[in-house]
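Generate coordinates for the entire structure from the input sequences, incorporating the hints supplied.
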Amino acid sequence: MAEQEYIAEMRHITKRFPGVVANNDISLSIRKGEIFALLGENGAGKSTLMSILFGLYEPDEGELIIRGKPVRISSPSHAAKLSIGMVHQHFRLVENFTVTENIVLGLEPTRRLLGLLPYVDLKTANREIAELSRRYGLEVEPTAVIEEIGVSMRQRVEILKMLYRGAEILIFDEPTAMLAPQEIEYLLKILLSLREGGKTIILISHKLAEIKQVADRCAILNRGKLVGLFDVADTSTQQMASVMVGRELAPEEPPPPMEFGAEVLRVDKLNVLNIDKFPVVKDVSFGVRAGEIFAIAGVDGNGQVEVADAIAGLAKLHSGTITLAGTDITGASIRERTELGLAFVPEDRQSTGLVLDFALDRNLALRRYYKLPINVRGVLNNRAISDDAVGLIEQYDIRAGRGGATQVRSMSGGNQQKAIVAREIETGAGLMIFVQPTRGLDIGATRAIHRHILDQRALGKAILLISLELDEVMALADTVGVMYGGEMTRIAPLSDLSYDEIGAYMMGVGNSAEVTE
Amino acid sequence: MDVVIIDGLSYALPLLCIAIGGIYSERSGVTNLALEGLLGAGAFIGALFVAFFGGYFPTGSLPLMFIAMACAMVGGALYAMLHGLLCVKFRANQVISGVVINILAMAITVFLTRQINSTLFKSSDKIQLGVSPRFDVPWLSKIPIIGAVFKSVYPFEVIIVAVVAIMWYILYRTRFGMRLRACGDNPHAVDSAGLSVQRTRFAAVMISGALTGLGGISFAYSISANFSSSIYTGAGYLAIAALIFGNWKIIPTVGACLLFGLARSGGYRLANVLALPSSFSDLIMILPYVLTLLVLIFFSGTNRAPRALGEIYDKGKR
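Sequences listed follow chains A and B, in order.
First residue of the first sequence? That's 151 in our numbering, and the numbers climb one at a time after it.
First residue of the second sequence? That's 14 in our numbering, and the numbers climb one at a time after it.
Check before you lean on any hint, since a few could be wrong.
[Claimed, not checked] Here are the simulated DMTMM-like pairs of lysine to aspartate or glutamate, each with C-alpha atoms no more than 25 Å apart in a straight line:
id: 1; chain 1: A; residue 1: Lys362; chain 2: A; residue 2: Glu346
id: 2; chain 1: A; residue 1: Lys362; chain 2: A; residue 2: Asp381
id: 3; chain 1: A; residue 1: Lys466; chain 2: A; residue 2: Glu413
id: 4; chain 1: A; residue 1: Lys419; chain 2: A; residue 2: Asp323
id: 5; chain 1: A; residue 1: Lys466; chain 2: A; residue 2: Asp507
id: 6; chain 1: B; residue 1: Lys262; chain 2: A; residue 2: Asp426
id: 7; chain 1: B; residue 1: Lys262; chain 2: A; residue 2: Asp271
id: 8; chain 1: B; residue 1: Lys262; chain 2: A; residue 2: Glu298
id: 9; chain 1: A; residue 1: Lys362; chain 2: A; residue 2: Glu159
id: 10; chain 1: A; residue 1: Lys427; chain 2: A; residue 2: Asp498
id: 11; chain 1: A; residue 1: Lys375; chain 2: A; residue 2: Glu297
id: 12; chain 1: A; residue 1: Lys375; chain 2: A; residue 2: Glu360
id: 13; chain 1: B; residue 1: Lys262; chain 2: A; residue 2: Glu159
id: 14; chain 1: B; residue 1: Lys262; chain 2: A; residue 2: Asp323
id: 15; chain 1: A; residue 1: Lys231; chain 2: B; residue 2: Glu324
id: 16; chain 1: B; residue 1: Lys262; chain 2: B; residue 2: Glu324
id: 17; chain 1: A; residue 1: Lys466; chain 2: A; residue 2: Glu497
id: 18; chain 1: A; residue 1: Lys432; chain 2: A; residue 2: Glu637
Think of the hints as simulated: they come from the structure by calculation, not from any bench.
Put into structure tokens, the structure is as follows:
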């Protein structure tokens, strides 16, 4: 058979779910050996389309053609037989197994002890994995246990799982959502080396810069329809963005200058230990003034989150003092902090920010459940809760199928985040802490959250922003503090810093003698 | 001192066999509180064989005992299928299933034992098994102190040691064992590798039943010398404590079971030496359980259960 130009074709694919057409007559052809990006807002139908290719769903209409032959892909293991592999956003790894054990699971090489008793030959497996990881430049430690390695290496393990199974078409679902800047760079390099190795890559993403950097072609979905197909080299990110959101997208405006007011938050010589009594925050001091956005930049795991947790009262501090609006809150309870005016948008919206199995209106009431009018002498006032929710849903443009009664678990990440932001802003607190407020959100939702943050600033709130996205820090901050290895190595107004300079401090190569306030 | 070791081992080893049964089930992700019921049901099937066919064998016959043990393993495995069906197939709550299976086993086996005895054999409410014969290992039993380990050994102790070694090998060295452990940590990973979580877990629960049945019949052939309601002394629960104390790992669980066994026999010895009246020996009997409480208080903090333990696996859910 002659070499097919297209390794995978999807023709007139339509997939309906109750009340929504997730994919509406989509036709795509993917060339062998290209990086094909699938771009779209959350809910545009990218994941559904790829789930069809991966055998998780069957299309209602249309056909799939793999290597020139029409096929019905009935299950992920069927897809694997057609050498299609997928790296899901949520990794599927056995945490107490080693890297090698995870990769070979299901296809374990075996030998016989004394020619009799079969056993899994991990020595050979370790060697094979080391060899495979060298071939594609995917650095892993074959004998490391998963629970002891970071997100980035876990992702490489998932990629190796596909390669070990001989996958030729590799689907990546939002692979950079959880990664720090250099890790993203590394992943993109891996993608290029996989392409060099003859693999076909489908990249689901909404980060335009990454697509621009590595992809050959790019298809854009909007509300279930294919709205654009571009050669990435000839298209600007601005063009792609406006097609993606379905309207002209003006670049984000820099925040207008503000007169800062009095200092609202003061952190002095803060030290925090982790579970193993290891210092993760070392002598950090800084202040945030009214009307100021103080952004802490840094690569994940350098103590930023612990600083936020300590201020919010979620983590115990080892030493140091925290002052909020002139009151020492070092040992205060969370309720006392709330009453003094502290609002907190946590890093993990699903586990810390929301009660996923509660309805939206209940989640919106979580901050005020003990106060009138929601709480009348110890009894919850359902009417007040749902009336309140109606107003907030409208005001913050939270999209939920059944209004306040929608179970939060069923909402999209962007809308979940909007709900948390709405709830926290409504506390009217003088200090707002945002930890990674736009992690995993699409452009539309990100812009909405940024607007809310800037509105709060305009109202004269003190804002502490912790972000792993340097772009976000550059777009919003008045003052930047860079954290590295648990220390704040640089504090300066944003206007005094360049992108590269912050990047250097984030990697620990800046001059730490320059800590000034 | 010899008595403490001899009695300690003859209690600790069946307990270990049951605990390893529990480990198999729990490492695959299925909570197994049903050990007490499984050991009774298994021992009952073994005893039933003896009740019906024991007459064809000479008294104290070893082959009869070995067949009874095999029957107990089959019986335990079959009864465990009930737990497997409820937990794996019908996705019932695993704790409730385990408790119900315990109550059911106790009620059915005691009832049937009485009925069979009164209608068929016109005798008491016990199936008499007798105490298994014992033997000394030549040479080794002559070593001072440590030699006690090889003195007055029940044949089932040897079998259990062999079984434990085999079960260790299967769990940690074979494909099946690796997949079983993966099911207990992250069933999604197993599923996405194209393997059946359900089938592995079901097999694990059945193995759990077989091992527990073997442990149960060993108790019936030693401590109680019969099958009756006296088989239900809480050894199943003690085995659960031992496996938790052993952190769901086989080697540490061996240590935990030895500790419980020696605590028990040491307690009896103490009661003897102090010449306490027999009513006090009941008090001594609670020693292993008191020890369990203490052990749990001090070690629970560092223990880590299999991550997906008790979690009903649902393909669609992420």
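Against the 25 Å threshold, does the CA-CA distance of Lys432 of chain A and Glu637 of chain A hold or violate the hint? holds, 5 Å
Take a quick look at whether Lys419 of chain A and Asp323 of chain A sit within 25 Å of each other, Cα to Cα. This hinted pair is violated, its Cα atoms lying about 41 Å apart.
Mind checking the alpha carbons of Lys375 of chain A and Glu360 of chain A for me, to see if they're no more than 25 Å apart? holds, 22 Å
Holds or violated: are the alpha carbons of Lys362 of chain A and Asp381 of chain A at most 25 Å from each other? holds, 10 Å
Under the criterion that the straight-line Cα-Cα distance not exceed 25 Å, is the pair Lys262 of chain B, Asp323 of chain A satisfied? Violated - the C-alpha atoms of Asp323 of chain A and Lys262 of chain B are around 36 Å apart, more than 25 Å.
Compare the distance between the alpha carbons of Lys262 of chain B and Asp271 of chain A with 25 Å, and conclude whether the hinted pair is satisfied. With a Cα-Cα distance of about 21 Å, the restraint between Lys262 of chain B and Asp271 of chain A holds, given a limit of 25 Å.
Keeping to a limit of 25 Å between CA atoms, is the pair of Lys262 of chain B and Glu324 of chain B held or broken? Within the cut-off at roughly 19 Å; holds.
Hint check: Lys262 of chain B vs Glu159 of chain A, CA-CA at most 25 Å. Holds or violated? violated, 49 Å
Has the given pair, Lys466 of chain A with Glu497 of chain A, been kept, meaning a C-alpha gap of at most 25 Å? Answer holds: Lys466 of chain A to Glu497 of chain A is near 17 Å, not above 25 Å.
Is it true that the CA of Lys362 of chain A sits at most 25 Å from the CA of Glu346 of chain A? Distance ~18 Å between Lys362 of chain A and Glu346 of chain A Cα, so the pair holds.
Straight-line alpha-carbon gap Lys375 of chain A to Glu297 of chain A, limit 25 Å: violated, 40 Å
Take the C-alpha atoms of Lys466 of chain A and Asp507 of chain A, compute the straight-line distance between them, and say whether it is at most 25 Å. violated, 28 Å
This entry does not satisfy hints 4, 5, 11, 13, 14 and 15, going by the numbered hints stated previously.
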